[in-house]
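Protein chains in written order, with the numbering used here: chain F, 3 to 544; chain B, 3 to 544.
Simulated from the structure, these hints should not be mistaken for laboratory data. Computed from a predicted model, the values in this text were never measured in an experiment. Worth double-checking, as some hints may not be accurate.
Straight-line C-alpha distance at most 20 Å; calculated EDC-like pairs for lysine to aspartate or glutamate [said to hold, decoys possible]:
#1 Lys174/B / Glu412/F
#2 Lys174/B / Asp413/F
#3 Lys371/F / Asp19/B
#4 Lys407/B / Glu9/F
#5 Lys315/B / Glu359/B
#6 Lys315/B / Glu350/B
#7 Lys371/F / Asp321/F
#8 Lys174/F / Glu29/B
#9 Lys407/F / Glu9/B
#10 Lys293/B / Glu269/B
#11 Lys174/B / Glu369/F
#12 Lys174/F / Glu49/F
#13 Lys294/F / Glu323/F
#14 Lys371/B / Asp413/B
#15 Lys503/B / Asp544/B
#16 Lys270/B / Glu166/F
#17 Lys407/B / Asp193/B
#18 Lys174/F / Glu412/B
#19 Lys299/F / Asp348/B
#20 Lys343/B / Asp411/F
#21 Lys343/F / Glu29/B
#22 Lys371/B / Glu323/F
#23 Lys343/B / Asp19/F
#24 Lys371/F / Glu9/B
#25 Lys300/B / Asp319/B
#26 Lys343/B / Glu269/F
#27 Lys270/F / Asp348/B
#28 Lys503/F / Asp544/F
#29 Lys294/F / Asp321/F
#30 Lys371/B / Asp19/F
#31 Lys486/B / Glu518/B
#32 Lys437/B / Asp461/B
#33 Lys299/B / Glu289/B
#34 Lys343/F / Glu269/B
#35 Lys299/B / Glu369/F
#36 Lys174/F / Asp413/B
#37 Lys385/F / Glu451/F
#38 Lys343/F / Asp19/B
There are 2 protein chains.
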Amino acid sequence: MLGLMQEWPLSCHKILDHAERQHGNREIVSRSVEGPIVRTSYRELRERALKLAQRLERDGFREGDRIATLAWNTARHLEAWYGIMGMGGVYHTLNPRLFPDQVVWIMNHAEDQALFVDLTFMPIVEKYCGAVGSVRRVIVLTDAEHMPETSLPQAVSYEEWLGEADGDYQWKALDEHAAAGMCYTSGTTGDPKGVVYSHRANVLHAMMIAMPDAMGLSSRDTVMPVVPMFHANCWGLAQATPMVGAKLVMPGSRMDGASIYELLDTEKVTVTAAVPTLWLMLLQHLEETGKKLPYLKKVLIGGSACPRAMTRKFQDDYDVEVIHAWGMTEMTPVGTLGTMKPQYMDLEGEARLDVKEKQGYAPFGVEMKVTDDENRELDWDGKTFGRLKVRGFAVAASYYGGAGKEQFDEDGWFDTGDVAHIDAGGYMQITDRAKDVIKSGGEWISSIELENLAVGHPDIAEAAVIGVPHSRWAERPLLIVVRKAGREISRDDLLSFMNGKVPKWWLPDDVTFVSEIPHTATGKILKSALRRQFRDYKLPTD
Amino acid sequence: MLGLMQEWPLSCHKILDHAERQHGNREIVSRSVEGPIVRTSYRELRERALKLAQRLERDGFREGDRIATLAWNTARHLEAWYGIMGMGGVYHTLNPRLFPDQVVWIMNHAEDQALFVDLTFMPIVEKYCGAVGSVRRVIVLTDAEHMPETSLPQAVSYEEWLGEADGDYQWKALDEHAAAGMCYTSGTTGDPKGVVYSHRANVLHAMMIAMPDAMGLSSRDTVMPVVPMFHANCWGLAQATPMVGAKLVMPGSRMDGASIYELLDTEKVTVTAAVPTLWLMLLQHLEETGKKLPYLKKVLIGGSACPRAMTRKFQDDYDVEVIHAWGMTEMTPVGTLGTMKPQYMDLEGEARLDVKEKQGYAPFGVEMKVTDDENRELDWDGKTFGRLKVRGFAVAASYYGGAGKEQFDEDGWFDTGDVAHIDAGGYMQITDRAKDVIKSGGEWISSIELENLAVGHPDIAEAAVIGVPHSRWAERPLLIVVRKAGREISRDDLLSFMNGKVPKWWLPDDVTFVSEIPHTATGKILKSALRRQFRDYKLPTD
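If we strip away everything but chain F, and leave its shape as in the complex, we get:
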């Protein structure tokens, strides 16, 4: 027996229709790529997205076409997303921080039909667009006045192109499972893998993150996603913010501390979100200038672990609540959020930071578990770590083209590739990447914990820990460090510093000093390169 409720597909255009109807005059403030601050509204966003959808169709683009964007967070980029989705297309965000040959590979793999691009990226696009045969149209996100000379195929300025449409358009009626967006993950090994978001996943995820114990987004908030739209679906904020009708502030291309501070202050931002590196720049700027954050209430921090000192500083010096979050491109992307459950809400000082240091708990819509290598579920005791696996309404079921099949099991669980423990309160903490964990005599050692411990020494600039073959233990940890300029710490001093702070058998078997540690294009330590480099390393214990 079926329920007798309405068919009301969870389509992304409904978010925009709602924002226009209920919050039409609410502002969207962008720092434009051309420079000035530009003010628009949800009403205009919808009008322009309708024109964009109509204009794309007139150019011959059709339902299911992948349309790439290579752009900063601005109202125009948002118009592009909603216009593309509204005509049944699939927005495909490209990460400008990737190497050009990776971007070319991704565009060819997705068979992108068109490209929306910011002025900033014209020089690189000029170079590699020729290698992508599928692209029939390049739309430069600017007006006629700022349009550069270009040899790109059918290149037009956005405003001229959009001006040819009248907006008399009906959103395409779509299955809620239809593809809405696409984002490739850039692993440290292997080819990038494409995640394909459905309309349904985008809508449910937006409701999920807006809830009080997630990001807690209200129409009375002013939200600034500093996290780029090209990074992991903008953490869902491009959908959740219009859904609740909050004012939206888009920081454009200027990501330095002073520029971010300026928008936080002049636009009275109440909620913002980005990776720790960005907040380091902001905190430095605040310390240099003595400025405060009187309007900001919450800062979402994810992408990599938020250092305890950062949480402390936001909380104690600026009266801003840190919400430590974890997610993955494959999860649309939010997985857990570190808001306080009732049993923790009155905690203060170090006890509060102990909770805040974890990545938080899964909201309704996300299931998680940790397992050992035999897929046996491990206890939630806050110390036993294992492979973190997830299920949910906004979690990938597969990658585009069928890559990475081994990450999905028959019960619907996705293996995140992260290693984590979960405590009795449900709070999860990432301890490592599965491929970086060191398996010593069948037991697991967290490379990240050892690295964090090593960089805690005042003479160490950066540290990496990898497993090196060992005849008795299969693998033992090798610590690779970069000393701070002018410092001369020795192997034995560093090991004594670490001694007693982790289980004895976790201590690295050796330390090697290097002048530089290799990184990926997005700034992560490239452990695969280190493993190659130290493949034949002879440990003194072996």
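Given the coordinates of chain F, work out where chain B should sit on it, guided by the hints.
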């Protein structure tokens, strides 16, 4: 092209799984029908719901079976809902305030297979259960000790019956569109009509009402739904509260001011919900005793319009925010909520009450419009009123058995039967029921506004306005009033009191004094009876 996201049906048992996993120890506190306060938890709720599902199957009940409940808000009633849904059954709440022959009609129409019943209602069930042939089992929500003598078919005490199951059960895997619950609307005319909630509608509705600008429910809250589970799906709180992991307080059968106050105070309730009549009793109790509400933050008021004086009292005397809401059984049931949009958030005094007096705006998931009799959409100007029509993911598409087809149009809009206007800010205000509006010379007069105006006179106890046939204007308003005991106000004094407070042509053509106004079983004015009674009334103006 489809998205590549997981199949993760929006089934109600997922709410309970999540509550158990993430908020397992969070309390459910019930005032039991037997008397004492009983404490349980989400973990126990899930364990007992699993047993209940298993036990129902063992009794031969199957997917799609309608299982009735006639019970107060207690943990046992909640276990019954989740257990019924978990085995694929359909909880069917019966309203004990209906006349027995109505309940019998409803049970026969739904073909209820079993009945969970509270001790309170045993005497009435004894009388009418024989008239419902489909019921094969009656489960009395009590233990062996309190089990009364009964002649009911296969009657058992709940605890004994449940004790025969071990809970080793897997929730039934269901289509998210499967029926989950059922509730009949008791119109003032015609037979009751059955609304059938799907799992999907229940889950989406719970997410919708938990959002910050709706009820704003957090795990840190303590929620007491005073609104009965048999009234309009408990306003969604039986799903939303476990979904967020808030502490849940269930008031059982004692609905007087002192009993409600006791739970608000001892359990430190932060959010509660009920109809205005209930809050009138609480406010009287507070005034008599001088007690305060130090823990309560928000009170949801709906079911009928919340008087301005009530909002003022909660806000000014007790520092409690009133959220005025509107909904219908057909909407799972929430339609609008009167939280403050940014442009109103700093309003104070009468200006704030002006906004709070309206029923609020539609959250994402509900679309609304007002139309004239030719289905032309009317402006959102805060004064032009018309038929209120709605669409949404938790709005009925039809009634059980195909009744009331005329309320659903081909574009998917449901005609609420209410008359309302919507202002430029999106706030809706109900002005009448469509069948009660008076159509005078093609223009509409709100019977409710005239009634509110008349009861504003200190000598008037109750007032009803109906349209009476008029040879020139088609219909003109007749005001029917009950004077307060010992008061002697005249027709002309009452009309002069009303003069100048509504458009001149709205003023009733006559006033008639009666000793009593007829009501429905649920306390609404029975205008159909008044219309019959005054069918041949001769207006002095005609």
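Lys315/B paired with Glu350/B [C-alpha distance capped at 20 Å]
Holds, at about 14 Å.
Between the alpha carbons of Lys270/F and Asp348/B, is the straight-line distance 20 Å or under?
16 Å, holds
Would you mind confirming whether the straight-line C-alpha gap from Lys407/B to Asp193/B stays at or under 20 Å?
OK: Lys407/B and Asp193/B at ~13 Å, within 20 Å.
Given the hint that Lys486/B pairs with Glu518/B, test it: the Cα-Cα distance must not exceed 20 Å.
Roughly 11 Å between the alpha carbons, so the hint for Lys486/B and Glu518/B holds.
Can the restraint linking Lys174/F and Glu29/B be considered satisfied, given a maximum Cα separation of 20 Å?
46 Å, violated
Between Lys407/F and Glu9/B, is the straight-line Cα distance small enough, at 20 Å or below?
Between Lys407/F and Glu9/B the Cα gap is close to 16 Å, so the pair holds against 20 Å.
Is the hinted pair Lys299/F and Asp348/B satisfied, with a Cα-Cα distance of at most 20 Å?
18 Å, holds
Holds or violated: Lys371/B and Glu323/F, Cα atoms, limit 20 Å.
With Cα atoms ~39 Å apart, Lys371/B and Glu323/F exceed 20 Å; violated.
Next pair to validate is Lys299/B with Glu289/B; report whether the Cα-Cα distance is within 20 Å.
Holds: Lys299/B and Glu289/B sit about 19 Å apart, inside 20 Å.
Given the hint that Lys294/F pairs with Glu323/F, test it: the Cα-Cα distance must not exceed 20 Å.
Holds, at roughly 14 Å.
Given the hinted pair Lys270/B and Glu166/F, is their alpha-carbon gap at most 20 Å?
60 Å, violated
Between Lys300/B and Asp319/B, is the straight-line Cα distance small enough, at 20 Å or below?
Roughly 14 Å between the alpha carbons, so the hint for Lys300/B and Asp319/B holds.
When the structure is compared with the earlier hints, violations turn up for hints 7, 8, 15, 16, 20, 22, 28, 32, 35 and for no others.
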